[in-house]
Amino acid sequence: RLMLPLSLSYDHRVIDGADAARFTSALSKVLADIRQLLL
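When the letters of the sequence shown are read in order and numbered with my numbering, they come out as residues 214 to 252.
Hints listed in this document are in silico derivations from the structure and should not be mistaken for laboratory results. Heads up, a few of these hints could be off.
Simulated restraints, written as ranges between beta carbons of each label pair [claimed, not checked]:
(1) Arg226 with Leu252: 19 to 29 Å
(2) Ser220 with Ile247: 25 to 35 Å
(3) Leu252 with His225: 19 to 29 Å
(4) Ser220 with Leu250: 30 to 40 Å
(5) Leu219 with Arg248: 12 to 22 Å
(6) Arg214 with Thr237: 18 to 28 Å
(7) Arg226 with Ile247: 31 to 41 Å
(8) Arg214 with Ser238: 25 to 35 Å
From the three backbone atoms N, C-alpha and C, an ideal C-beta is built for every residue, glycine too.
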């Protein structure tokens, strides 16, 4: 299985770290099953 490193940079003055972690998790789930983008 191929792997793609994923990282996220954000400004803590604007975005809470927990929100950024949830976004990164959601993005990785979508990328793991790319068919979700087509449906």
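Evaluation of the provided hints:
In this structure the supplied range 19 to 29 Å is violated for arginine 226 paired with leucine 252, their Cβ-Cβ distance being about 37 Å. Between serine 220 and isoleucine 247 the CB atoms are about 19 Å apart, so this pair departs from the stated range of 25 to 35 Å. Restraint check, leucine 252 to histidine 225: a C-beta distance of roughly 35 Å breaks the suggested window 19 to 29 Å. Checked against the hint of 30 to 40 Å, the C-beta distance between serine 220 and leucine 250 comes to roughly 21 Å, which is inconsistent with it.
For leucine 219 paired with arginine 248, a C-beta distance near 19 Å keeps the hint of 12 to 22 Å intact. For arginine 214 and threonine 237, the hinted distance range of 18 to 28 Å is satisfied, since their beta carbons lie about 19 Å from each other. Distance hint for arginine 226 and isoleucine 247: a CB-CB separation of about 33 Å, consistent with the stated range 31 to 41 Å. Between arginine 214 and serine 238 the beta carbon distance is about 19 Å. The supplied range of 25 to 35 Å is therefore violated.
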